[in-house]
Amino acid sequence: MHLQHVWLNDFRSYPSLDVELPAGLTALLGRNGQGKSNVLEAVAYLATLESFRGAPADALVRRGASSAVVRGQVLVDGREQLIEAEINPAGRNRVQVNRQRLQRTRDLVEALRVTVFAPDDLELLKGGPAVRRSYLDKALVLERPAVDSVRSDFEKALRQRNALLKQCKGRLDEAAGLTLDVWDLKLAQAGEELTRLRRDLADRLSPVTTRAYRDVAGETSEVRLVYVSEWHERGLAAALVDSRAADVRRGTTLVGPHRDDLLVLLNDMPSRTHASQGEQRSLALGLRLGVHRLVTSRMGVPPVLLLDDVFSELDPERSVALLAALPQGQTLLSSATELPPGAVADLTLDVTTGRLDPR
Amino acid sequence: MATYAAPVQDLIDALGRLPGVGPKSAQRIAFYLLKVDDEEATKLARAITEAKARIGFCTVCFNLSEGEVCTICSDPERDQSVLCVVEEPRDVVAVERTREFKGRYHVLQGAIDHLQGVGPDQLRIKELLARVGAEQITEVIICTNPNLEGEATSLYLSRVLAVPGLSVTRIASGLPVGGDLEYADELTLGRALEGRRVVENG
Ligand SMILES: [Zn+2]
Numbered sequence: 001m002h003l004q005h006v007w008l009n010d011f012r013s014y015p016s017l018d019v020e021l022p023a024g025l026t027a028l029l030g031r032n033g034q035g036k037s038n039v040l041e042a043v044a045y046l047a048t049l050e051s052f053r054g055a056p057a058d059a060l061v062r063r064g065a066s067s068a069v070v071r072g073q074v075l076v077d078g079r080e081q082l083i084e085a086e087i088n089p090a091g092r093n094r095v096q097v098n099r100q101r102l103q104r105t106r107d108l109v110e111a112l113r114v115t116v117f118a119p120d121d122l123e124l125l126k127g128g129p130a131v132r133r134s135y136l137d138k139a140l141v142l143e144r145p146a147v148d149s150v151r152s153d154f155e156k157a158l159r160q161r162n163a164l165l166k167q168c169k170g171r172l173d174e175a176a177g178l179t180l181d182v183w184d185l186k187l188a189q190a191g192e193e194l195t196r197l198r199r200d201l202a203d204r205l206s207p208v209t210t211r212a213y214r215d216v217a218g219e220t221s222e223v224r225l226v227y228v229s230e231w232h233e234r235g236l237a238a239a240l241v242d243s244r245a246a247d248v249r250r251g252t253t254l255v256g257p258h259r260d261d262l263l264v265l266l267n268d269m270p271s272r273t274h275a276s277q278g279e280q281r282s283l284a285l286g287l288r289l290g291v292h293r294l295v296t297s298r299m300g301v302p303p304v305l306l307l308d309d310v311f312s313e314l315d316p317e318r319s320v321a322l323l324a325a326l327p328q329g330q331t332l333l334s335s336a337t338e339l340p341p342g343a344v345a346d347l348t349l350d351v352t353t354g355r356l357d358p359r
Numbered sequence: 001m002a003t004y005a006a007p008v009q010d011l012i013d014a015l016g017r018l019p020g021v022g023p024k025s026a027q028r029i030a031f032y033l034l035k036v037d038d039e040e041a042t043k044l045a046r047a048i049t050e051a052k053a054r055i056g057f058c059t060v061c062f063n064l065s066e067g068e069v070c071t072i073c074s075d076p077e078r079d080q081s082v083l084c085v086v087e088e089p090r091d092v093v094a095v096e097r098t099r100e101f102k103g104r105y106h107v108l109q110g111a112i113d114h115l116q117g118v119g120p121d122q123l124r125i126k127e128l129l130a131r132v133g134a135e136q137i138t139e140v141i142i143c144t145n146p147n148l149e150g151e152a153t154s155l156y157l158s159r160v161l162a163v164p165g166l167s168v169t170r171i172a173s174g175l176p177v178g179g180d181l182e183y184a185d186e187l188t189l190g191r192a193l194e195g196r197r198v199v200e201n202g
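Listed in order, the protein sequences are those of chains W and H.
For the first sequence, the working numbering begins at 1 and goes up steadily by one.
For the second sequence, the working numbering begins at 1 and goes up steadily by one.
Bear in mind the hints are in silico, worked out from the structure with no lab data behind them.
A virtual CB, placed ideally from N, CA and C, is assigned to each residue, including glycine.
Hints should not be assumed to be uniformly reliable.
Said to hold, decoys possible - Pairs of lysine-lysine residues, derived as DSS-like cross-links and limited to a Cα-Cα distance of at most 27 Å, are as follows:
(1) H/Lys126 with W/Lys156
(2) W/Lys156 with W/Lys169
(3) W/Lys138 with W/Lys156
(4) H/Lys35 with H/Lys52
(5) W/Lys169 with H/Lys24
(6) H/Lys24 with H/Lys43
(7) H/Lys24 with H/Lys35
(8) H/Lys24 with W/Lys166
(9) H/Lys24 with H/Lys126
To be verified - Each pair of labels, with its calculated beta carbon distance range:
(10) W/Arg234 with H/Leu129: 28 to 36 Å
(11) H/Arg78 with W/Gly235: 43 to 51 Å
(12) W/Glu233 with H/Arg97: 23 to 31 Å
(13) W/Ala146 with H/Val93: 25 to 33 Å
(14) H/Val93 with W/Lys138: 34 to 42 Å
(15) H/Ala134 with W/Glu86: 51 to 59 Å
(16) W/Ala146 with H/Lys126: 45 to 53 Å
(17) H/Glu96 with W/Glu233: 29 to 37 Å
(18) H/Glu66 with W/Gly235: 31 to 39 Å
(19) H/Ala51 with W/Arg159: 33 to 41 Å
(20) H/Ala6 with W/Pro15: 35 to 43 Å
(21) W/Arg79 with H/Glu100: 17 to 25 Å
(22) W/Glu233 with H/Gln80: 27 to 35 Å
(23) H/Val93 with W/Glu123: 19 to 27 Å
To be verified - According to the in silico footprint, chain H covers these stretches of chain W (three or more CB under 8 Å from chain H):
(24) 163 to 172
(25) 178 to 186
With these hints in hand, go ahead and build the complete structure from the sequences.
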């Protein structure tokens, strides 16, 4: 998978941009605030239709412009794919692949896959369970786009059940009880399936994350990912029955996969409380690179790796180790500092206020 | 900021309330209508008034109907013992196109969707239960859409229709998951009708 060419119009700080990218390592270097990350953000947008920085659509459009366009040409399995995304904060966003309108976001995975590592990823260790659930769910879709329907069925059933519970206003009459039975069944079906997928992924991620962690941290620690769901022993159907009275009282579903968590253990100790800041940074990177490796082995080709401001997160030894162990395939990295000694990029671009100059 | 004359704004607002029409489309349609011949615009206005005046809902099955009782319900050739339960009138058209179904219909006028404030009480389910009690019905085929709301509605119906002597089936596999009945082609829908199965009660 080689992103050969990127064009931007009115995206963030760029009135227009036209850049060709090599198959190997591209380094975008420049001081902060010059627009390095914007390029990575645009590339990730082409693959996911969202900002990895969590920015809303209107923040992606250059001030004074009404819409932004991101285009990318990707070489996949010897075929060129042209992805075009128009971001319209006031209207409808439009996405085309090879001039054909895109039906479902997950179909984009066929044209372009990315792995993003950004400074915010420390939240994978320090943040709440929602961050880690979303990490797992996105990895699942990257690996097998079709499973997105499991997650979306679960979320729809959950929203329906919660809406019903809210409308009950604390009292469940017979008719509402019958309807609740129906949603319990639907929620349990989708929820059990989603949990099975997440648990299986966590098991498979443990060894690859360990290897990625060791590459970066240069030590022989063991990383283990443990999926935790309090209800799992009983089964979701039974757990929903147990929780029904409380759910009705509180007007929301208190048990299920939407409350689960992923424990990240470093040498069998919870990393959230027991790992140092440096270890947590390596772990965050390890979690991303772990998914990258899984997806690579499943799809046969590595996703495009996007490393945003990565050296600010790592000490010099770890930076050198990361670049030495960089997975095969295309990588785009941004940095406010020069590459660590010994590292050579296939293309180095100096970024100054919306301009990219090749060295 | 310049504003439109009141009649133009009223037209845009009215169009904007139509399903699937956003503010931009509403504007575009309004300008189009203001540009076309008087005759064209009057024809559209008359079509709406006529349809509203002449078409109502069948008092038996709640399909669209010109009279009090629709042509299907009043057709003595149709099998009186079988009911096909669908969400919307357009689904009746989809099933009729297959020519596989000889019974009569019951139109729920929606599916369970609490996010839209639609529970069983907002659907024509009470009327369905009354029909099943009063008419000589031995089989109900549930033809709700193969999406989550349609599946939930089907499951709910299978529970409230669990009475001795009544067979309740669901149109089976072959339909695209998450889709609308309306978009299933005739062959697929016909096969699905053939291969219907008893709804699992979970
Ligand atoms: Zn009728």
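These are the hints, each one checked on the structure:
Straight-line distance between C-alpha atoms of H/Lys126 and W/Lys156 comes to about 26 Å, which keeps the hinted pair within the 27 Å bound. For a cut-off of 27 Å, the pair hint linking W/Lys156 to W/Lys169 stands: about 21 Å separates their Cα positions. Pair hint W/Lys138 plus W/Lys156 holds up; C-alpha atoms about 17 Å apart against a cutoff of 27 Å. Distance check on the hinted pair: H/Lys35 and H/Lys52 sit about 25 Å apart at the alpha-carbon level, within 27 Å; holds.
Under the criterion of a C-alpha separation no larger than 27 Å, the hint pairing W/Lys169 with H/Lys24 is inconsistent with the structure, at around 38 Å. At most 27 Å may separate the alpha-carbon atoms for a hinted pair to count; H/Lys24 and H/Lys43 meet this at roughly 24 Å. Distance restraint check for H/Lys24 and H/Lys35: the Cα-Cα separation of roughly 17 Å lies within the 27 Å cut-off, and the hinted pair is therefore satisfied. With a CA separation close to 34 Å, the supplied pair H/Lys24 and W/Lys166 exceeds the 27 Å bound.
A C-alpha spacing of about 40 Å is found between H/Lys24 and H/Lys126, which places the hinted pair above 27 Å, so the restraint is violated. At about 35 Å, the CB distance of W/Arg234 to H/Leu129 agrees with the hint of 28 to 36 Å. A hinted range of 43 to 51 Å holds for the C-beta pair H/Arg78 and W/Gly235, which are about 45 Å apart. Range check, W/Glu233 to H/Arg97: Cβ separation about 50 Å, and the 23 to 31 Å hint is violated.
For W/Ala146 and H/Val93, the hinted distance range of 25 to 33 Å is satisfied, since their beta carbons lie about 31 Å from each other. The hinted window of 34 to 42 Å between H/Val93 and W/Lys138 holds, with their beta carbons roughly 40 Å apart. Separated by about 57 Å at the C-beta atoms, H/Ala134 and W/Glu86 satisfy the suggested range of 51 to 59 Å. Taking the beta carbon of each, W/Ala146 and H/Lys126 are about 39 Å apart, not inside 45 to 53 Å as hinted.
Range check, H/Glu96 to W/Glu233: about 50 Å between beta-carbon atoms, so the 29 to 37 Å window is missed. Separated by about 52 Å at the C-beta atoms, H/Glu66 and W/Gly235 break the suggested range of 31 to 39 Å. Between H/Ala51 and W/Arg159 the beta carbon distance is about 35 Å. The supplied range of 33 to 41 Å therefore holds. At about 41 Å, the beta-carbon gap between H/Ala6 and W/Pro15 stays in the expected band of 35 to 43 Å.
At roughly 42 Å, the beta-carbon separation of W/Arg79 and H/Glu100 lies outside the given 17 to 25 Å, and the hint is violated. Restraint check, W/Glu233 to H/Gln80: a C-beta distance of roughly 52 Å breaks the suggested window 27 to 35 Å. Between H/Val93 and W/Glu123 the beta carbons are some 51 Å apart, a value that contradicts the proposed interval 19 to 27 Å. Here the region 163 to 172 of chain W counts 3 residues with a CB under 8 Å from a CB of chain H, which clears the bar of 3, and the coverage holds.
For the region 178 to 186 of chain W, the assignment as covered by chain H holds, since 7 residues bring a beta-carbon within under 8 Å of that chain's beta-carbons and 3 suffice.
When the structure is compared with the earlier hints, violations turn up for hints 5, 8, 9, 12, 16, 17, 18, 21, 22 and 23 and for no others.
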